[in-house]
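Sequences listed follow chains A and B, in order. Residue numbers are given in the numbering used here: position 111 of the first sequence equals residue 111, and the series is strictly consecutive. Residue numbers are given in the numbering used here: position 61 of the second sequence equals residue 61, and the series is strictly consecutive.
Take the hints with a grain of salt, since some may be wrong.
No distinction is drawn between identical chains; accordingly, a pair holds when it is met within one copy or between any pair of copies.
To be verified - Straight-line C-alpha distance at most 20 Å; calculated DMTMM-like pairs for lysine to aspartate or glutamate: (1) LYS109 / GLU234; (2) LYS59 / GLU49; (3) LYS109 / GLU219; (4) LYS229 / ASP349; (5) LYS109 / GLU237; (6) LYS38 / ASP269; (7) LYS135 / GLU113; (8) LYS85 / GLU219; (9) LYS109 / GLU231; (10) LYS38 / ASP315; (11) LYS38 / GLU365; (12) LYS287 / ASP367; (13) LYS136 / GLU16; (14) LYS229 / ASP315; (15) LYS56 / ASP182; (16) LYS287 / ASP299.
It is worth saying that the hints were derived from the structure and are not from the lab. These figures come from a predicted structure and were not determined experimentally.
There are 2 protein chains.
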Amino acid sequence: MIYLDNAATTWPKPEETIAAIEDCIRHAGANPGRGGHKMSLSAGRIVYETREAVAKLFKVDDPVRIVFTGNATESLNLALKGLLKPGDHVITSSMEHNSMARPLYVLQKRGVEVTQLQCSPTGTLEPGAVANAIKKNTVAVAILHASNVTGTILPIEEIGRITRANGVFLIVDAAQTAGLLDIDVNRINVDMLAFTGHKSLYGPQGTGGLFIRDGVLPEPLCQGGTGSKSESLEQPEDMPDRFESGTPNTPGLAGLGAGIRFIMSRGLDSIRKHEQVLVARFLEGLKQMKEIQIYGPADPSIQVPVVSVNVRGQDSSEIAFILDKAFDIACRSGLHCAPAAHRTIGTLDRGTVRFSFSIFNTPTEVDYVLDALERTVAELP
Amino acid sequence: MIYLDNAATTWPKPEETIAAIEDCIRHAGANPGRGGHKMSLSAGRIVYETREAVAKLFKVDDPVRIVFTGNATESLNLALKGLLKPGDHVITSSMEHNSMARPLYVLQKRGVEVTQLQCSPTGTLEPGAVANAIKKNTVAVAILHASNVTGTILPIEEIGRITRANGVFLIVDAAQTAGLLDIDVNRINVDMLAFTGHKSLYGPQGTGGLFIRDGVLPEPLCQGGTGSKSESLEQPEDMPDRFESGTPNTPGLAGLGAGIRFIMSRGLDSIRKHEQVLVARFLEGLKQMKEIQIYGPADPSIQVPVVSVNVRGQDSSEIAFILDKAFDIACRSGLHCAPAAHRTIGTLDRGTVRFSFSIFNTPTEVDYVLDALERTVAELP
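Could you build all of it, start to finish, from the sequences and the hints given here?
Structure, rendered in structure tokens:
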């Protein structure tokens, strides 16, 4: 199988990730931060080491500013619902995934004012539009770092300068960029950064988190046992306990830590270059096929390794079906949980066929997919 | 190491659990319910099979009534915050874990009226007290099935008859009983049942869920991508999508499914008998030591395999420390995230030393621990 659905979940995982999960279950399978016995301490150490690895990756000084969740969706719900109150104004974009758009819609119904900035047909946004949209009651800009539909990288650094200058919080959905682009939370001026473990961090599904800058104090989504200040009914104020109730996904976090160490040992630069080579080769081939329409920037220097296309006149699901059945190529069709993005690029009616690459894909695979697409197009009625 | 902290997390896990997790990551490592390609369908099948296994275990007719979460804490937050509105009245007990008590405390501050029924010094509750506490605005009884401190099993069936007769919802925290006691959601008349995967269901940490009876419609904790009705900003109403946003912990759920198949193949009756034998042997030995105070019913027929003790005059953490360092016994000291329970049994000042057993513990281990306790007591100043 040629797996090109890495924007959903990267596959395969590094052997290190799988080994760390198994090792954790076998040798550190107790509750972290709860008991005082040796295996509980080992479990606690694993969680802490992963927290440190995430902090190092995002250039966060204090690892306790990293809160673990089950996925980026939970992180965004925590950031948005924890921060925004009725009467507050929030600015977002027209490229958002439902993980951002649906909680914002719920908040809007509760009295939060939401401005959705229109992105260009390739999915990007003029930073000036953000500055123009800021009002007296604007509390936050909540925006994705790169699109899961077109791969378009948004101008987060410029937006961060604007939010910082205006005393507005910046909430970034880094689901598609964490582990792929060099994210420095201070350079970007991001106040809360949501990430997931199972994409370009090469951890397992069931892991994710949120960076919360010191001084930003959202309400927790959940309260419960934290293994700390147990005598009090008040949720502890300390980080990360305030936001981490109940037993965490320790083996998952072991795998996430191994995934991050894997990408850091390869080097983000070298991974980015590898994936840019694949995307460039893929785009070059696609551009030769006149039946293929490419969405997004079609420029590997300003997009993550996600390429959306359509075959003229064809439904996206039909093409993905043929590629799976006849060529054993796993890609994804439809709306990718991001209807706003499809409205922006003009594909709300039929979605797109999306190909997304990881460090494990090869130029040979790209050529095979191009050939498969050519043959599919040729055989269409 | 003798591991007796199974009420926190069972360890070791069955080989089947570990194998299922690895197999899922290697061979079904895509997103369930999102793509149409073969590996995405395999992932979807795993999640569905685990949902079926949970449904079968709890005698739930329709598997979609089972919603997956990260742990019992998240399940209880969802059940309580999703259901209770300001002005509603909820009845709870004085034995609750902070996973129940802390979200109820937050709700109380938002205007929900909370009645905490006082349990007996062994941790049980007279069902009549529930009937007496029901008022016009009572919406739910929210109560644990068995105590994580004393092991005491609460009279849930009797309480369920009372709630059903009075048109009040019953929310049960089954963290300590799922997989251990025979839970039939219809016999118990439970409306929402919270469970965790990493205790007596022998799955990994990072898994859990909530049974939600048809007709009970809490608000979701999170909204986001569900892979369904993606064109709408409204969270889908369908079960389980309404409550499951973002990529789930598929490998964790693979492990949970294997864990449930493991206990079902052994038979809940036979597991219960095994653990009752261990608890009976342990209690018998403890009763010979005049320095030891036992909490809870001290009767294996009415408790789960959790036994809390103190050595007269000693801090619980000191005893647990000696058992770990000198005898390589992993138990747990302190409040076990359940201060109300300790207030009820009179140990809020120093906690208890808690021993909890799993299917993998043996009578020889029980004897070793009894011997270690005897020697520890003998050497105390």
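Each hint tested on the structure:
no.	hint	result
1	LYS109 / GLU234	between (29 Å within a copy, 11 Å between copies)
2	LYS59 / GLU49	within (15 Å within a copy, 41 Å between copies)
3	LYS109 / GLU219	both (19 Å within a copy, 14 Å between copies)
4	LYS229 / ASP349	between (53 Å within a copy, 13 Å between copies)
5	LYS109 / GLU237	between (29 Å within a copy, 17 Å between copies)
6	LYS38 / ASP269	neither (39 Å within a copy, 32 Å between copies)
7	LYS135 / GLU113	within (11 Å within a copy, 39 Å between copies)
8	LYS85 / GLU219	both (11 Å within a copy, 18 Å between copies)
9	LYS109 / GLU231	between (37 Å within a copy, 18 Å between copies)
10	LYS38 / ASP315	between (57 Å within a copy, 19 Å between copies)
11	LYS38 / GLU365	between (47 Å within a copy, 18 Å between copies)
12	LYS287 / ASP367	within (13 Å within a copy, 74 Å between copies)
13	LYS136 / GLU16	neither (49 Å within a copy, 58 Å between copies)
14	LYS229 / ASP315	between (56 Å within a copy, 17 Å between copies)
15	LYS56 / ASP182	within (11 Å within a copy, 47 Å between copies)
16	LYS287 / ASP299	within (12 Å within a copy, 75 Å between copies)
The structure is inconsistent with the numbered hints 6 and 13, although it conforms to all the rest.
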